[in-house]
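Asks: Just so you know, the sequences run in chain order V and R.
The first sequence begins at 1 in the working numbering and counts up one residue at a time.
The second sequence begins at 1 in the working numbering and counts up one residue at a time.
For the record, the hints were derived by calculation from the structure and aren't laboratory data.
Everything numeric in this text was worked out from a predicted model, so none of it was measured.
All residues carry an ideal CB built from backbone N, CA and C; glycine is no exception.
Far from chain V by the CB rule (all over 10 Å, computed), these chain R residues:
| # | residue |
| --- | --- |
| 1 | Glu55 |
| 2 | Val60 |
| 3 | Leu73 |
| 4 | Val80 |
| 5 | Thr99 |
| 6 | Glu106 |
| 7 | Leu121 |
| 8 | Glu151 |
| 9 | Asn175 |
| 10 | Asp186 |
| 11 | Pro247 |
| 12 | His249 |
| 13 | Glu267 |
| 14 | Gly296 |
| 15 | Glu302 |
Here are the in silico distance ranges between beta carbons for each label pair:
| # | chain 1 | residue 1 | chain 2 | residue 2 | range |
| --- | --- | --- | --- | --- | --- |
| 16 | V | Arg148 | R | Gly83 | 45 to 55 Å |
| 17 | R | Asp108 | V | Ser126 | 36 to 46 Å |
| 18 | R | Thr47 | V | Arg85 | 21 to 31 Å |
| 19 | R | Ala185 | V | Arg312 | 50 to 60 Å |
| 20 | V | Val286 | R | Glu267 | 33 to 43 Å |
| 21 | R | Ser119 | V | Leu290 | 16 to 26 Å |
| 22 | V | Ala197 | R | Ser119 | 47 to 57 Å |
| 23 | R | Pro243 | V | Trp207 | 53 to 63 Å |
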Amino acid sequence: MTGSALTRFALRNATFLIFAAVLLLFGLQTPGFLSPESLGNIVKQASFIGIAAVGITFVLLTRGIDLSVGSVMYLAPLLAGFAMRDLGVGVAGGVVTAVLAGLAMGALNAFFVVRLNIAPFIVTLSTLFFFRGAGTLLTSSRQFDFDREIVDFGLSKVAGVPMPIVVFALVALVAHVVLSRTTFGRQTYAVGADPEAARKAGIRVGWVQARVYMVSSAAAALAGFVLIAQIGRLDVAFGEGREFDVIAAAVLGGASLFGGIGTAIGTVVGATLIQTVKTGLVFTGVNLYLQPIALGGVIFLAVLIDSLRATRLRAARRRTIRPSSATP
Amino acid sequence: MKPITTLASAALAAVAGVPLLATPATAATICFAFQDLETEFWVAGHTAITQTLEEEGHTVIERNANEDANRQLEQVRDCVAQGVDGIIIIPQDGESAVTIVKEAQENDVPIAVFNRPPSDLSRGIIVVADNETIAEQAVDFLVEQALAEAEDGQTLQPLILVGDLGDPNAVGRKNGFYNAIEKHADRFETPIEVATEWDAATALANLEAAVTANPEIDLIFTSSDFLFPTIRSVLEPRGMWQPRGEPGHVLLGGLDGDATACQLIKEGFVDATGVQDLYFEADAALTAILEAIEQGEYQPNEVIEDPGFALTADNLGEREMDMWGCVLLAEGFLDR
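With the hints as constraints, model all of the structure from the sequences given.
Replies: In structure tokens, the structure reads:
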């Protein structure tokens with residue numbers, strides 16, 4: 001492989017290479033870091049942010065933004081908790097309730113964004129406060145304790161694989177298939193790449209946008225439920241500020257804030273990379289004051305390399321156009 | 001004014017509708033601005049303050065800043081503009097508290113800061129728990145138990161779940177933990193520090209990583225009781241969530257004194273918790289602010305320290321009802 005080919009390879013796979021480098025770095029310092037139990041824990045703990053990040057990837061692909069995911073993570077499991085406690089719907093019913101509540105919250109966002117044509121940033125910033133306020137009102141700021149059965153579910157395993165990882169994998173797989181193999185997926189990319197062109201091509205842009213907000217909120221609701229299922233208690237600060245973690249995971253995984261670029265698998269890698277760094281910092285006993293700085297540094301480095309990659313790849317493509325266009 | 005010295009009497013008085021403080025000569029309008037009510041402690045503190053004031057015939061204007069320091073400043077300015085007689089705040093952080101206290105005093109409105117101290121303690125009525133001492137008392141008990149159970153010469157591995165390092169309470173609790181451990185430094189390994197940022201999800205992820213990396217942990221101290229369910233979900237699958245006297249029991253302590261901690265101490269899963277004497281603090285804040293109003297003192301400056309105590313497996317029988325969480329538990333708080 002030549003030097004330039006190697007550079008191109010490195011640039012194309014920058015996030016994966018950083019991921020490998022991080023694993024190697026922490027693995028060399030503390031061998032237990034690369035044990036199956038440790039790696040499993042990383043994926044399990046990444047599932048919370050990862051599931052929501054896969055959902056928000058749909059929104060980012062259409063040039064949108066969803067700042068309400070942290071509040072949805074709080075309110076949807078809370079409504080599920082009420083349904084489980086007051087209606088006796090059980091854990092399965094709780095999951096369905098949470099996801100339906102998420103869909104409804106996403107539909108509310110979509111209504112204002114699509115029907116009233118209000119900027120997504122404004123709409124979802126408002127619903128961030130609205131959803132959290134509704135939850136706080138419902139609980140009078142008190143914690144909500146779930147029945148023990150939900151924790152049994154959250155800590156259960158399927159064929160030896162922890163439940164949060166199973167749910168994370170299913171969400172990622174479905175999202176990957178939807179984005180890469182379905183009409184809706186192709187339309188999502190088309191709307192993000194050029195909304196006007198998509199409209200002229202006959203795509204119902206508004207309907208696509210509405211659905212991505214519903215997907216995002218449903219994923220956030222499921223993420224919240226999966227995490228609460230591991231703890232059994234929902235406090236009023238739950239999910240607060242998580243929208244930034246979710247967006248960071250998606251962007252780190254290659255999703256562009258300007259739409260049209262990103263994949264579900266990339267987002268999974270982004271979320272897992274962030275959790276890997278966090279876990280590695282705990283394993284190596286890095287000073288607590290330095291941990292956020294180290295994490296910020298890694299995220300910045302990854303995004304910087306990603307940016308350089310995009311610039312270099314654009315330059316490379318420009319160079320190849322000239323000879324081919326000169327060819328008769 | 002008559003001070004409230006025990007939680008039981010406060011609870012009984014509240015239930016019976018008896019005023020907790022002597023009736024003042026004139027009814028005052030008090031602005032109560034709080035940053036949020038995200039834990040049982042703040043909810044209980046909020047209830048103690050508002051109910052007591054209202055039962056005494058004072059008017060309470062409540063303002064919730066939803067954890068936004070700038071919004072809280074605006075809310076306090078609004079209260080000042082409304083001509084309130086006094087202000088009680090639970091600030092978002094130590095820095096914003098300084099600004100808010102200054103704002104109130106410059107407008108000749110007496111102000112008390114409840115439980116979360118400003119970074120400058122020289123202005124305002126500051127009611128503050130001595131988090132360092134309270135944590136030290138709780139960890140002292142854990143250390144004593146750990147050393148009693150350990151073999152001669154055996155070194156033990158402690159772990160601390162640290163709160164948000166931007167919160168002075170969290171820093172005080174961390175210092176108290178280290179004070180207790182360092183008294184027997186030769187018997188303890190370097191403590192494992194786990195960041196929680198006062199967030200259950202962060203605590204879950206980091207504690208799971210820490211326990212995976214260091215499975216032989218002898219003693220865990222959480223800087224807040226609200227994280228006990230999170231700790232349980234990490235320890236239970238590993239067989240480390242056992243009551244006292246059972247093999248595999250990990251010595252466990254916390255700080256706050258909430259209802260869950262009370263229940264877990266009774267069940268034997270938790271060994272000690274540092275208790276902020278919430279009713280002492282609420283009473284002290286109200287007494288000081290109402291006295292200042294009655295005496296026409298606009299810039300009262302005073303630091304009132306809550307020494308707290310540790311509720312342990314050993315003194316549970318005597319001191320249970322001194323802890324606000326045990327009173328809540330007795331009232332069926334966890335069953336609601």
